[in-house]
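A.B. asks: Here are the chains, one letter per residue:
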Amino acid sequence: MVKVAIWGSLRTATDGQSEVEVEASNFKQLLDQLAIEYPALKPQIKRGVSLALDGKIYRESWFTKINKDSEVVLMPYMVGG
Amino acid sequence: MALDENGKRIFKVVGTRPPRPDGIDKVTGRAMYGADATAPGMLQGHILRSPHAHARIKSIDTSEAEALSGVKAVVTAKDFGLPDDESVLDVQDNCMARDKALYDGHPVAAVAASSAAIAKKALKLIKVDYEILPHVTDVDEAMKPDAPIVQTGRAMEDLPDGLSENVTYHFEFGHGDMDAGFAKADKIIERSFKTAATHQGYIEPHACLASMNSDGKGELWCCTQGQFYVRELCADIMQMDASQLRVTASEIGGGFGGKTTVFIEPVALALSRKSGRPVKIVMTRDEVFRATGPTVSSSTDVKIGMTKDGRITAAHATLRYQGGAFPCGTVQFGAQSAFAAYDLEAVQTIGWSALTNRPKEAAYRAPGAPMAIYAVESVVDELCQELNLDPLDVRLKNAAQKGTKSSYGPTFDDIGLKATLDAAKAHPHYAAPLGPNQGRGLSCGFWFNFGGNTCVSMNLNFDGTVGITEGNPDIGGSRASISQMAAEELGIPYEKVRTIVADTNSIGHNDVTDGSRVTFAVGLATIKAAREAIKEMCTRVAKIWDIDADAVYWEDGYAKPSGPNAGTFDPMSLEEIAAISAQTGGPIAGHHEVNADGAGVSFGVHLVDVEVDPETGATTVLRYTVFQDAGKAIHPDYVEGQMQGGAVQGIGWALNEEYIYGEDGLLQNPSLLDYRIPVASDLPNIDTVILEIPNPGHPYGVRGVGETPIVPPLAAISNAVSRALDLRMFELPMSPPKILKALSSKV
Amino acid sequence: MKNIHVSTTINGDPTEFICNPDESLLDVLRNRLGLTGAKEGCGTGDCGACSVTVNGRLVCSCLVLGVEAEAAEVETIEGMANGEKLHPLQQHFIDGAALQCGVCTPGILVAAKALLEKNPNPTDTEVRYWLAGNLCRCTGYDKIIKAVQSAAAEMRGA
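Residue numbers (this note's numbering), protein chains in the order written: chain W, 1 to 81; chain R, 1 to 747; chain E, 1 to 158.
Just so you know, the hints here were simulated from the structure itself, not pulled from any lab data. Since the model is a prediction, treat every value here as computed from it, not as a measurement. Honestly, I wouldn't trust all of these hints.
Here are the simulated lysine to any residue pairs, SDA-like style, with alpha carbons at most 25 Å apart [claimed, not checked]:
{"id": "1", "chain 1": "R", "residue 1": "Lys405", "chain 2": "W", "residue 2": "Ile36"}
{"id": "2", "chain 1": "E", "residue 1": "Lys85", "chain 2": "E", "residue 2": "Val54"}
{"id": "3", "chain 1": "W", "residue 1": "Lys46", "chain 2": "R", "residue 2": "Gln239"}
{"id": "4", "chain 1": "W", "residue 1": "Lys65", "chain 2": "R", "residue 2": "Glu5"}
Here chain W stands alone, though its shape is the one from the complex (with noise of 0.2 Å):
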């Protein structure tokens, strides 16, 4: 299981929970694994999401590898000027 921090506004979608554990080794793994267990994140993942994994900064890259103690965290998608 990937322990995946759900920004604060997400939250709603996830229960409440600040955190959830989904099954997981890759971020397309994880996308489908959060879609199919909390349907209400489902309009923000079509939106676009970004996914910090240790810290690094990914917009999509859906074959990046997980570990079990990897930090993952949820972003908006990433844009800039």
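Since the structure of chain W is already known, use the hints to place chains R and E on it.
C.D. replies: Leaving out everything else, chains R and E in the frame of chain W:
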């Protein structure tokens, strides 16, 4: 792609300051910008814009305009389809209003004619029947439940009671126990701040030249930060295949985030399709101000608790941003970045975003961060004053570092904030004496930076020179830095490399030039492409020497046998290998395609001295020093240029620049006379100190540098002015009338 | 309105054109003569990107009528280099990285050249006030001022 293990390598080309490849074209007037292109039979396109802040379009009668001699096409929203994707439809609606004009300057129709004079005359013949609707331009007003609704059906999911349907987004970030944190504080300060919307202010107005053929093929020349994104948007809007629309990015006369979308390009394509002729559209400055760009305007509450010795115990911010007439998520970046510079046990940020009758917000350098960090750094400065603490010491005491759980969630890797603060503290600027009516301010700044989709193609010519094809418009000297990285990796002189920015049919997709990504991501792909070309060169040489490919290695521009066991051979240069490449298997190339990650966040600290004239309220910037972590400065001149240019844009934001709307909802100052950006005589030299804390996610340690420098000036100058006046300022810009007003209220 | 025939000299070359009586010199240069080095940043004389000289006087060509070029000597960015030899200002702008996007650069070079012709040894403050009519959004002006001063120093020494 991780930092090279030989992170301490001695660079030969990287870190030098060679002349930029586009230099001569730009100093002789030969460089071709958006408005500089022409085509045979070209028509002039002009756009009719709403004179109202908010109005229903009951009907548009274009018949008289169409009948005018010389008019070849008129288009309105009826000439566009309805794209399935809501975000694309928003872009299209922003380019051409459908049912309602949503802001002063919103396009409602466009004309293509044989001359500009005829086109302008035709615009006057178009009859639009408007039903004027109530409007709202202020973010706090727009959030109230009885506010005029800008667009129905766009409210956020689960809209809380007591908020207007204009509220489109809500974000929350943070961690820790806020109540416990504030309970530990010796001093708590809670303040509210406002910042005005500002414009990116690129000197080149938007311009494009579109040509649609009857066989469905299209050509588009335009000034943009991202030709591929322009192609995707325009192909969607025009309902054509992406492969049939070739978009070529002209030289770009500034962007700063404002040229990351489309405004006139779909209109020019539609006019060209309808008229069967090439159509050029060039915006006036008035159009640029009224209908492109600006940033969000903001209204923010910040509450911070601190112990007597300067430790922050808890920090809270509520941010309210308006991003114009279409949903805009920029407040999320403000909410994420507000407290990024601090190592906090208890932190919470809440962001709200609302629709208003203003032009759609476009990204501007570190979008969303400057106004959030302005409010936070102002309160930190006031706490330092109240508790009689040195503001740099307090920042150092609370600074985020490797291992800090950031205010937006992830744990930081190697970051340069403390080193940057130390450099500021050690700098003579920090100890220099101040005179009467003078004040010194400082602020930290932060931006995430990112990588993104990137393609680079590198080709070795038979004469031993190298061509690099990449797909990101060069807005700050990136062709030079990319050539440097290629030369470094290949071990050849910089002068042997030429980098060009290709059109959309000449290379694979590249994300927009944004997010401070180009030197990082295109550089990374260039290094990978070079390593691929090197591998191929070594393979060819191994065949010549009749040894294993593994027994050949590359060093300083030569293929060499790897040791005595490999045999004794004279090293072969890139030039020699390229010259016989036809005989050894054909042209040699390297390419790399990647969605780059690991950009590495960027921190900066700005130090500024100002003098405020109590008679006039005018602020003079006396001295300015920028400290920033660049990871590795590839071309230090252009790193400094980013630091200086960003700082000056921030100075303008702090002191003068603002969108001023009247009671009628119309923009009062859509000209460079009334919207005053800093001029040379307003400014001192901008001193720079580059720090290099390598980014673990890039082979040379590069971090993006372009956006962070606009973040600190807002608070740094506000803190300096507040200290000079001995009166805390809460609103930007601090233009002379506002300073006089604040002074008059001082008891 | 009927077009008017104008005889003028541009960058030393005798030049003839026709234009509308209300057409700006900038539009004539860009649209009729192919001299697109001067840029239109505002059309109201606020940004200086269209700077040229008319009879040695620095002007915003967006505020000058094409017909005013009659019998005048007009100098634009295209005439600044002497063949392959760049003017010292042009060279120092490249060497000193005094441009980023480059769209303000032609106007700033024309303006700086006009300054150095009047005042070969300006102070930084004089350079800053002279160039106050030329907006640059990329550089923060720092490297521009330094490049003008290093070019001025070279020109004084030459």
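A.B. asks: For every hint, state whether the structure bears it out.
C.D. replies: Cross-check of the supplied hints:
no.: 1; hint: R/Lys405 with W/Ile36; in the structure: violated (28 Å)
no.: 2; hint: E/Lys85 with E/Val54; in the structure: holds (23 Å)
no.: 3; hint: W/Lys46 with R/Gln239; in the structure: holds (23 Å)
no.: 4; hint: W/Lys65 with R/Glu5; in the structure: holds (22 Å)
When the structure is compared with the earlier hints, a violation turns up for hint 1 alone.
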